[in-house]
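Novice: One line per chain: the protein sequences are R and Z, in this order. Counting from 1, one number per residue, gives the positions in the first sequence under our numbering. Counting from 1001, one number per residue, gives the positions in the second sequence under our numbering.
Where hints are given, some of them may not hold.
What follows is a set of in silico ranges between Cβ atoms, one per label pair, in the way DEER data are often shown [to be verified]:
#1 R:Tyr39 - Z:Ile1012: 20 to 28 Å
#2 R:Ala70 - Z:Asp1027: 35 to 43 Å
#3 Z:Ser1054 - R:Lys68: 32 to 40 Å
#4 Z:Ser1018 - R:Ala70: 42 to 50 Å
#5 Z:Lys1055 - R:Glu15: 46 to 54 Å
#6 R:Thr45 - Z:His1007: 15 to 23 Å
#7 R:Trp98 - Z:Leu1068: 16 to 24 Å
#8 R:Lys56 - Z:Ser1083: 44 to 52 Å
Once the Cα atoms are required to be at most 27 Å apart in a straight line, the calculated DSS-like pairs of lysine-lysine come out as [claimed, not checked]:
#9 Z:Lys1041 - R:Lys5
#10 R:Lys38 - Z:Lys1041
#11 R:Lys38 - Z:Lys1020
#12 R:Lys100 - Z:Lys1066
Since the hints were made in silico from the structure, they are not lab data. Glycine residues also receive a C-beta, built at the ideal position from the N, C-alpha and C atoms.
Spelled out from the first residue to the last, the chains are:
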Amino acid sequence: DQQVKQNSPSLSVQEGRISILNCDYTNSMFDYFLWYKKYPAEGPTFLISISSIKDKNEDGRFTVFLNKSAKHLSLHIVPSQPGDSAVYFCAARLTDSWGKLQFGAGTQVVVTP
Amino acid sequence: GAVVSQHPSWVICKSGTSVKIECRSLDFQATTMFWYRQFPKQSLMLMATSNEGSKATYEQGVEKDKFLINHASLTLSTLTVTSAHPEDSSFYICSARGRQDYEQYFGPGTRLTVT
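Could you put the whole structure together from the sequences, leaning on the hints where they help?
Specialist: Here is the structure:
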């Protein structure tokens, strides 16, 4: 039962432009949402998170938007840089679950010059 | 801060042998650690949740007698793959819950190949 979904397996964007990654979820009991970046053969790196009581969080080039009524969140990266090329995972945390995260399938981002 | 290390980074073993993977939180105390495995081009699959000083909680479908988890201290958790088989070959990643309980920091992963 996939409760966190990233429907776009890949995204190609030009350097300097905005990258928009989308994530949908089905469980209304998620209380935190996180985005991770992962390079091959490495562990995921935490990027940014958002509480379910907020609708926007910004950190440098990264902004996460949460639309709770639509059960949808997105990650905006602007401007995109070649070093941003990686797989991005959306993750959601269930309330009272020792912090267990459920991950989406990931979106491969390729930033072209 | 919030660095998690794993050792070894890669290991090759023969079928039937056991392999131990260590996960350490280097600059913070982690009461809860998690173990994941990732198959090529797939998402991270949570295997178990490990709380310091207590037995690990395994996800459905994960054999607890095959994947032994020990969380002996606030900075160390180990995963032992017992009687390894080729189908256990995978990328194993640990994570540790940080000071803010929604944060989770990941180790660099361990590539296990069973021949």
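Novice: Evaluate each hint against the coordinates.
Specialist: Against the structure, the hints:
no.: 1; hint: R:Tyr39 - Z:Ile1012: 20 to 28 Å; in the structure: holds, 22 Å
no.: 2; hint: R:Ala70 - Z:Asp1027: 35 to 43 Å; in the structure: holds, 38 Å
no.: 3; hint: Z:Ser1054 - R:Lys68: 32 to 40 Å; in the structure: holds, 34 Å
no.: 4; hint: Z:Ser1018 - R:Ala70: 42 to 50 Å; in the structure: holds, 47 Å
no.: 5; hint: Z:Lys1055 - R:Glu15: 46 to 54 Å; in the structure: holds, 49 Å
no.: 6; hint: R:Thr45 - Z:His1007: 15 to 23 Å; in the structure: holds, 19 Å
no.: 7; hint: R:Trp98 - Z:Leu1068: 16 to 24 Å; in the structure: holds, 19 Å
no.: 8; hint: R:Lys56 - Z:Ser1083: 44 to 52 Å; in the structure: holds, 50 Å
no.: 9; hint: Z:Lys1041 - R:Lys5; in the structure: holds, 15 Å
no.: 10; hint: R:Lys38 - Z:Lys1041; in the structure: holds, 12 Å
no.: 11; hint: R:Lys38 - Z:Lys1020; in the structure: holds, 24 Å
no.: 12; hint: R:Lys100 - Z:Lys1066; in the structure: holds, 21 Å
Of the hints listed earlier, there is not a single one the structure fails to meet.
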